[in-house]
Structure formats: C-alpha cells, structure tokens
Amino acid sequence: MKAGAGARMQELMTELFPLCRSITGEGVRETLRKVSERIPLDIHEVPSGTSVLDWTVPEEWNIRDAYIATRGGERVVDFRQSNLHVVSYSEPVQTVMPLAELRAHLHALPEHPDWVPYRTSYYSRTWGFCLAQRELDALADADYEVSIDSTLEAGSLTYGECVLPGESEDEVLLTTHVCHPSLANDNVSGIALLTELAAALAGASRRLTYRLLFIPGTIGSITWLARNEERLEKIVAGLVVACVGDPAPLSYKRSRHGDALIDRVAAHVISRSAGARVLDFVPWGWDERQFNSPGFDLPVGCLSRSREGEYEQYHSSADDLDVVQPEQLEDALCAVVEILDVLETDRRYVNLSPKGEPQLGKRGLYPSTGGGAAQDEQLAMLWVLNQSDGANSLLDIAERSGISFVTLRAAADRLRDAGLLAEADPS
Amino acid sequence: MKAGAGARMQELMTELFPLCRSITGEGVRETLRKVSERIPLDIHEVPSGTSVLDWTVPEEWNIRDAYIATRGGERVVDFRQSNLHVVSYSEPVQTVMPLAELRAHLHALPEHPDWVPYRTSYYSRTWGFCLAQRELDALADADYEVSIDSTLEAGSLTYGECVLPGESEDEVLLTTHVCHPSLANDNVSGIALLTELAAALAGASRRLTYRLLFIPGTIGSITWLARNEERLEKIVAGLVVACVGDPAPLSYKRSRHGDALIDRVAAHVISRSAGARVLDFVPWGWDERQFNSPGFDLPVGCLSRSREGEYEQYHSSADDLDVVQPEQLEDALCAVVEILDVLETDRRYVNLSPKGEPQLGKRGLYPSTGGGAAQDEQLAMLWVLNQSDGANSLLDIAERSGISFVTLRAAADRLRDAGLLAEADPS
Amino acid sequence: MKAGAGARMQELMTELFPLCRSITGEGVRETLRKVSERIPLDIHEVPSGTSVLDWTVPEEWNIRDAYIATRGGERVVDFRQSNLHVVSYSEPVQTVMPLAELRAHLHALPEHPDWVPYRTSYYSRTWGFCLAQRELDALADADYEVSIDSTLEAGSLTYGECVLPGESEDEVLLTTHVCHPSLANDNVSGIALLTELAAALAGASRRLTYRLLFIPGTIGSITWLARNEERLEKIVAGLVVACVGDPAPLSYKRSRHGDALIDRVAAHVISRSAGARVLDFVPWGWDERQFNSPGFDLPVGCLSRSREGEYEQYHSSADDLDVVQPEQLEDALCAVVEILDVLETDRRYVNLSPKGEPQLGKRGLYPSTGGGAAQDEQLAMLWVLNQSDGANSLLDIAERSGISFVTLRAAADRLRDAGLLAEADPS
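In order, the protein sequence lines correspond to chains G, C and D.
Residue numbers for the first sequence follow the numbering used here, so the first one is 1 and each next one is one higher.
Residue numbers for the second sequence follow the numbering used here, so the first one is 428 and each next one is one higher.
Residue numbers for the third sequence follow the numbering used here, so the first one is 855 and each next one is one higher.
Chain G extracted, bound-state conformation (with noise of 0.2 angstroms):
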C-alpha cells in the first residue's frame, strides 16, 4: 500500500462529508467529480424513466434549500445546518401550518434526544424534516412557515465506473454506495477506500482485471446489473464496501453461495485481525442484496466493520467524521488488498519431488544443525511440499495448515526457485 493512504483517505472525507447526496442529483455528481480528481472514472448518467430490471430510474432530485420558520421568522429547523434535516427526496412544500398537523412530517429520535436521523422516501411522493428530539419538544404550539426547495424532474441516475484491465478478463468486482448525505462511517469511508484501492490498483500490475462501483444503492446497482448482464458471467469475485471506519473490528459478509472463493480468501485474511467476525449471508445490509439474489448469484461478499444498524450512531447525525479513525480505514484498506492479492496469486503446484521428503538442506533450505525446533518458514516449505499434489491450492493450504497465505507464498517461491515445485496444469 502506499505510503500516507489513511491521510489521504481521510481528506477525500472531509471534502465528501457535507455534500447532500441522495440516489440521484447533483450531490451525487459533485461527490464522483472528486472521486474522478483521483482515479480513471467513468460517469454513467441513466436517463429517468429508464426500465432497470423490476424497478424504473426515478425522477432526479435536487434540494436548494429548507426549513421551518416561526412566524416571526426564525429558522427553528434549517437544512443549512445539515442536510440531514430534510427526508430524501421531499417534494417540494411551501406552506404554514400548525404544529398538530405538522408532527406527521417530523421524525426524530426519543432514544437520543440530541442527534438527527436520517430518513428516505425515494419511492412514495412525500415530504418531512428530521430533527432532535429536544428540538421537537422544544417547538411551541404554534403556526409555522414549512419550506422545501426541491426539485424532481426527469434528469438523471449517475454512477462511477473505474475498469482496470488486468491480463485476464476475469474480472474483480468492487463496490460502495455514494447515496448518503452527510454520514460519515456511511458511507463517505468506504467511497474513500475505494478510491484509495483503484490508486493503487492502476499502478500495479495485474493479473484479474478489477471494476470498481461508486453508485447509489439499491437502486444503482439494480441500474448496473440490467446494463450489464452479458458481463456478469466474467465475475470471479466481489466485495461491496461500506462502513470501514468505526472503532469495530472486520467483519466480512459471506455470498449467498456462502463457500465461494471470495467467502474463502476474506475468511482466511480477516482471521488473522483481532476480533475480526465472518458472519453469513443474510438478504439485508447493502448491495449485496442484489447481487445475491437468486436470478444472479454472484460471488460477492461485504466487508465492513460495523454492519447496518449495529453502531449507536448510524443512520443519524452522530456519524460524523470523529466516529471514522484513520488507522481503522487503512486497517480496512490493507484487508482489501490482502484479499485481493490472495485472489491475484492463489495457485496450484505439484511437488516434484513427492516421494519422501526432498532434502532441504542440501538445497540451502533446512538448517545444519538439528535437534531444535521447527521454525515456521520451514514448517511453511513442509507444508507445501505435503500438500502440492496438484489438488490443493496454497489457499486450501493456509485453511489446513493454518499458515497464512502470505508465508505459505513465500516457501513456495522458494521451493519453486529450487526446482522442487512446479505450477499444476491450470485445467
């Protein structure tokens, strides 16, 4: 990984963060032109109306402005302040009503009374305003001045595509979702991440060819998935990303399948992190959701720390940027990449001196001296000459022996350069 990757991902927050992103919009936008500062990106625009599987592209929505005023004019909740205040997608109102009937439009949360929630409705025409519940038990019964500055009108979905070609068209899939206002963990952190990895990825060489996916959820990668079913079948793996900066160790989501070699290589990469969980599929969280679904199945897990709900300050304005810690997203980041270098470099060899042990030491391999005990670069040579019958991968190695990927590639390197392991017949 490159050197100052957690101060460089921690900028790109703190630009995103105060954007008013929704599923479509200008915030939207705004938030992939800093991302395409970066990296190689293509902006998809979808026009609305568009047909996406089971769904439609809705109208675009855009906010200028927002609030409710007292009568005498005070802004008592101000869309200035944090664009969480506003529902998503509130049609636009501008009217004066009393407290009684405007109570149907508030939301708040009564469990912490100082922090605003976040609240949707992309899909049933409406309009609310989210604020603390302190601020709504301080609100007098009184007429207020209720306005939203909105806009939804035939435009536009936008989503960011990064293709990194790689020797093989076997493809890596990668995604976050970019349709979070002003939450910082989620999801500004794993928009941060993954442009951090694409950084990486151009300037590497590769052997798998990687896609990266900046695009609203749900609806964006229902959106993707229809325009690009010819190509699903080159996905050999995929990771959605999302929350990777909170206090909580990895957690890694299995695919549907639950055994695919995703499952596999991010199981055996974030063991090695303390507390680090590896939970099993279920059909809620993020994107996953869809491309897990049964019509298409494909192997793609998720990787966060946090899931969905589990932090006490998700989906409200207390996810803001003190909740992300720099050293937990390059944490993150370097499990991503260790996951993705397993999927680069996991192969099969065959010993080619099976019959007995081969003697190390006249290779330079062993130690001369004997009697003491194993060390583990030795173990790891043991291991992979016992188990290099052309059936088993270094992978299915670091599961049995439980060596890590890493050191295990390294004995086989240097088995190989002795002439004693040579790379299985790929078929």
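Accuracy of the hints is not assured; some may be wrong.
Computed, partial: chain C to chain D, Cβ under 10 angstroms [what the hints assert, rightly or not]: (1) 479; (2) 547; (3) 711.
Hint data in this document are derived by calculation from the structure and do not stem from the laboratory.
These figures come from a predicted structure and were not determined experimentally.
Glycine included, each C-beta is placed from N, C-alpha and C at the ideal position.
Position chains C and D relative to chain G; hints supplied.
Relative to chain G, chains C and D alone:
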C-alpha cells in the same frame, strides 16, 4: 387447536388411569372403547398364536383379583388397591408359602421405599408381586396366603387404528403405547394426546393421510408391521408419542436415518421451545425401535418430554396423575400440531422476479419511509425471495434463516398473492 | 498382553539407554542386536553412497572418545560421561584453541542451565560439543585441547525389520526410530514397546501381516521406502510409535488423509483413555512425515504420549530413564494391542431378522422380567442388530453408539451364535 383441549385430555386421562392394561386383555379393550367414544377407531383383534415377524401373539391375560394375605386373612398386598402390585402377565397361583420362599417373587425399590415398582413378565411364565420396600420390610417372617386370580388363555391382541384420509395417499404415522396399567405419564398421557389430536385432524382439511395407532408396546407395533408391510412405502413421516405430560421440556428423538424430513421438521419446531432437546436415535425406548429396525427403516421419530427412565417416578406407582400437568400436555399437543402443519404445507417456490430484489414498495409490501430498522415480516419476505430458486423449500429457508416456518409461510403467501412467487414444479 | 510386559520393557530400556546411537554406526547395530535377542529380526545394511529417493545414504559415523580439556589435562567436557556431549556426526578434530574461538562449536540451553542439549549435524560437515550452560559459564578464558576421536567413512546404514506373516497379505506397518543416543523417552521407549509388541504378535494367530521397522529417523524411513516401493500397496494401516513412556496422556496424530481406517480405529481406542488427544496431521514430527509424503500418502498415523518438543526434557540430558514410567509404557502397549485387535476383527454383519427386533428373550439373550433399566450388553446387542444392514461395520457402530468395540464384538458373537447375524459378503 380447539379450545379446551387440555381439559379434555385431562378428563380422558382420569378415566383411563385406573384400568389394568397389559399387552392383551380387557384393560386394553376398555381403554380403546373409551377412546372410540371420541374418535373414529377401528378395533383389531389378532388371535393368540398368530406369527408376527419373529414373534408370536401371546395368550391373552386377564386378572380379577390378587393378594398376599396373612394366615389371619389380612391382605398385606392387594391388587384392588393398585394394579401395579401384580407383575403383569403373572400366571394364576393359589398357595401358602413362608416369606423366605415368597421373597423370590417380590419386587421393590430400595431407593424409593414408599413406591411400588412396575414389572412385567410377558414372555416367560412366572408370577410375582410388586410392593413398597417399606411394606416388604414390615412383613413378619411367617406363612402367607398367595393368590393371583388371573387367566392366560387363547384370546387375542387388541389394538386401535384411526385412519383419516387426505388428498394424498402419502401417510403420516402416529403411534402411542396402550399397554401400561396405572402409570399416568407413561403412558395415559400419550393416549390422551393422540385422541385429542385425532379429533382435531378429523375436523380439518388434510393434504396428507393420517394413521393413528393405539398399540401395546413392542408386540403391538410388531403385529401391526407384520399385517401392513405393503402399506409401509406410503409412510412419509411418523412420530411415536409417549410421556408427554411431565414437567420436563420437550424432547425429540431422531429416526435411525437421522436426517429424514420428520427429523428436520420436529427439530425446527421444538427448537423454538425453551429447553427442548433433539436427541440422536438409539435402539432403546418405545415402538420407534420396531419402526426403525433395519428391515423397515421408516422415517419415524419420537416425541416426549422425559425419555424412558429420565424422571424419578418412571415405572413406579409415583407416576400418577399428579405428574401430568394439563399445560404440559397441551404444549406437547401444540408441538405435534405444528409439526404436522409443516408437513402439510412445506413446499418449494420459485421467485418470479429473481434478478435483483423486486420492488416491494410499489406492491405495498414495504414501508414507504426508509432509513429505519428492518421489520420481521420484511426480512421474512426477503429470505423467501432470496432462497426461492426452486431448490429450497420453506423448511430449508427456515433452517437457514432462523425465522419460524409460520412467519415464512405467511411471507410466501403475501408474495404469491402479489404475483412474485409461484409454487415450484413438484417433480 | 503377556504378563510382565512393563518389567521386560523397562529392562530392555535400561540395556539400550547408554548406547551411542546415531543414524548409522555401531550404536544402532548394537541396539538391533539386543532387540534381535528377543524377536526375529532381519538386520539390513545399506552401503554409504546408495541413492535413496532424493537422498544419499551418508558415510558411517563412529566415535571412540571426545573431550575438551584444559592445558593441564583436566577434561571439562567428556564424552565418556554422556554421549550427548558430542554433536552427532561430528567430524574428527584434534587441536588447541582459545575459548573465544571454541565458542562457535559449543551448544547449551540457557533456559535449563544444568541440562546438556542434544544436537546433530548429519548432512553438513562440522563438529561441536553440547554442555550445560552452567559448565559453559564456568569455563575460564583460556586455551583448550579439543579432541573428537570419530570416523566418517564408507560403511552402511543399518535397520531392523521383523515380518510376521498372517493369513492375509494385507500389511500393518509399525515403525520406531533408533537413531537417538541416551534419550529415554525419545526414543528408547518406542524401541522397547515395539520389541515387546513383536514378541506378543509372534505368539498370536494373525489375520493380517505385521511389518515392524526399527529405523534411523528420516534417512531410515526414506531408505526403507526406496527399497520397498512395490510392497507399499499392501499396507492397509500403519503406526509410527515414539515417546510412549512419559507421564502425559496418549496422543494419536492422524494420517495426511485424516479419515483412514487407522485414524478411526486409533481415535476410537484412545478416546476411552483419560485425557487422550487426537491431533490432525502436520508435516512435522517423526517418520510419519515420510510415509505421508504426497507420493506415498500411506495410511500411517503416529502414537505417542507427549509429541516432539512438548515435554520440558525433550532433546536434552534430562530425558533420562526417570522420565519413563513402566505403567505408562504398558498402557501405551495396551493401546497399540487394542488398535491392532480392532484392525484384526472389525467386520460388517447382516442382521438375519431385520424386520422389527428379533425376540431375544426366547433365545436366552434378554432378561425375562421387564420394566427395569437396560443393561449394557442388551444395548450392545440392540445396536448391533439395528445397524447391521451390511453397510456398517462394528467400528461404525462403535462410533455411532459410543459403546466400545470390544463390547460390541462380544454382542455380535452372541448374536451370530444365536443365528441372528451373519458376516456380510466381504465384497
């Protein structure tokens, strides 16, 4: 379940408890007569001497009276006080003998000095009395008059069969043993449960055919098996029901196969009940031993609370009506009903919109405001959609998701009504 | 097992302990001579320089004397006190050198300052001394006379082979390493156990053929494998035996395959021994490394108490005769005998009365009074009858039931004698 089931089962138990049942004879006949007042029951009589598999139907045993009396005529052990006092199938005896000689015919429980044990000698001609250890210790060293007024004569073995045909010839076999005298949990409880169940099933629509057997233990199931070999291939699931009223949590004992449909269904249903146990098959217990013999190998498990020998009062006079609690009986009946309900309604569906999630919101199946936590019924719908690829049944989905079959079936019904789900080709 | 086995093994250990064994030379020869006084043993001599798989039989090493002495002639390290003082396979040396220069040739154990370590340098020409850290620390900074009166010359590698033919050509391979000098548990204990075992097997009737190897570690098994490739297909099971006398509970290490017959049998047998461990295969340890190399992949596990490196005294002068307890040796021998007994007698039976349980009572196999608890031998008979459908062996039944193989075999014998069981067609 029909209201008042607990009270009705308790009432039947109270009627049946005093009867002196054995593997043949009037006690069984009277028991089946009382059952037949409540449900349609065919009473079968199989003549003594009939060959049944490796066995022979024994002579019929009946008893009018039995006692041990002092030479002064005082009954110190009296059949009229408890039918447990006589070893079941005791041959007639009328003699006087000293205590020293009599002792070889007396059975007691030193570890429970106030309880009378239950003992049998069906296939070896002898006679004996059972009494409390305290009574035994109090017997003076004198001569005693010993009288057993029983008959062992050509007659028949009696069992009851209640067949409730369904749309399909596929059968569910439900059996309980009717051979124990005044022991409440083992097994007047099982007779009461199966009677109430038959009454409920008789009034319900049925896809499957139900066959309920009220049979003497071992020789009864062997006799039925011998006479019904050609029917056995219709049996798709079965349950032996016994000891269902004591305070212990439910137990399900798997079939010999271990992973038959009935094993999966019963495990799913009772796992939702506090403290419930799922036990591996062992060739000991009740009539499941016969159904699971290697020559039949039927998918028949066993539902009970305590297993044989697990409760202190087992096979003694302390297994009286106080051991059985009506709520426990009713809870066991509910479990059986729920197991049968799963057998009736489990099926495989196909998601008709398998690419991506279908848009549930536009069909009124999803809350219009987003951002909050998932609700149970939403999750159930998503699970059914995600897994319904034609290979997974609702039970498969219940096992994988941890969601109850009932909740998933309701979700499947809503999805089917919305045109999103169709029953999979049964082939 | 023959009476007095523990005492005989202890006696042999006491004779063998002082000999200076290595992978070649007179120490091994003398060891095998003593073994051959007790069992029929073929002694093989394989000339130095012979190619064996990827290895070459090394020159033969012999040693008469060795010491480090002060210029005043006082021996401060003396081979005559312990053969561990010389690094095995040290080349001859006769010189004077200052302590500073000598230090590179000295090995000690700082964490055990009173113990002399065991070190070897078989395949890299050098010389060295092992001594206690306390002795090393006490050496004055002076010149020392260094003398190793050894020879490294063309000769041969020696191993012993005891073949005990059975009715079948199917072979069980049993091996132990004979290359360690005065180390008691590792591995005079293994030599003593295999000697006693061979004596016992020689006097028993045998269905299987037994081949017992007394071989130098690594190069010995490689040499035997190179010379016996055509025999390997006869091997149906094998055990490497080593470190069998220390106080630790028994351990069985599985073969590379992991679920070979020997793995199942050994796990069943030792699981009945308190604290016993069954360990997965790792390509480290003793000669199981060679037998389990991918080109041979033989069903050979390893029985020991402590594994290599697990006991504190391992590979040091503290591994003396006090470490080995005769009861532990005898207990390990019993385990091996029981494992071989299962290999000899395991078979599949067919229940000849498979429909329902056969009536055991009329054959005298069941208690005549019913109602009490099941007895172990009844349960064993019922398990054998229930599972003997031709597919399950007695070992399968032992694994499923948790009943010992010995008890089940006795039950099967009774059932076979009663005409209820026949051996299944071996095909």
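The hints, checked one at a time:
{"no.": "1", "hint": "479", "in the structure": "holds, 8 angstroms"}
{"no.": "2", "hint": "547", "in the structure": "holds, 4 angstroms"}
{"no.": "3", "hint": "711", "in the structure": "holds, 5 angstroms"}
Every hint from the earlier list agrees with this structure, and none is contradicted.
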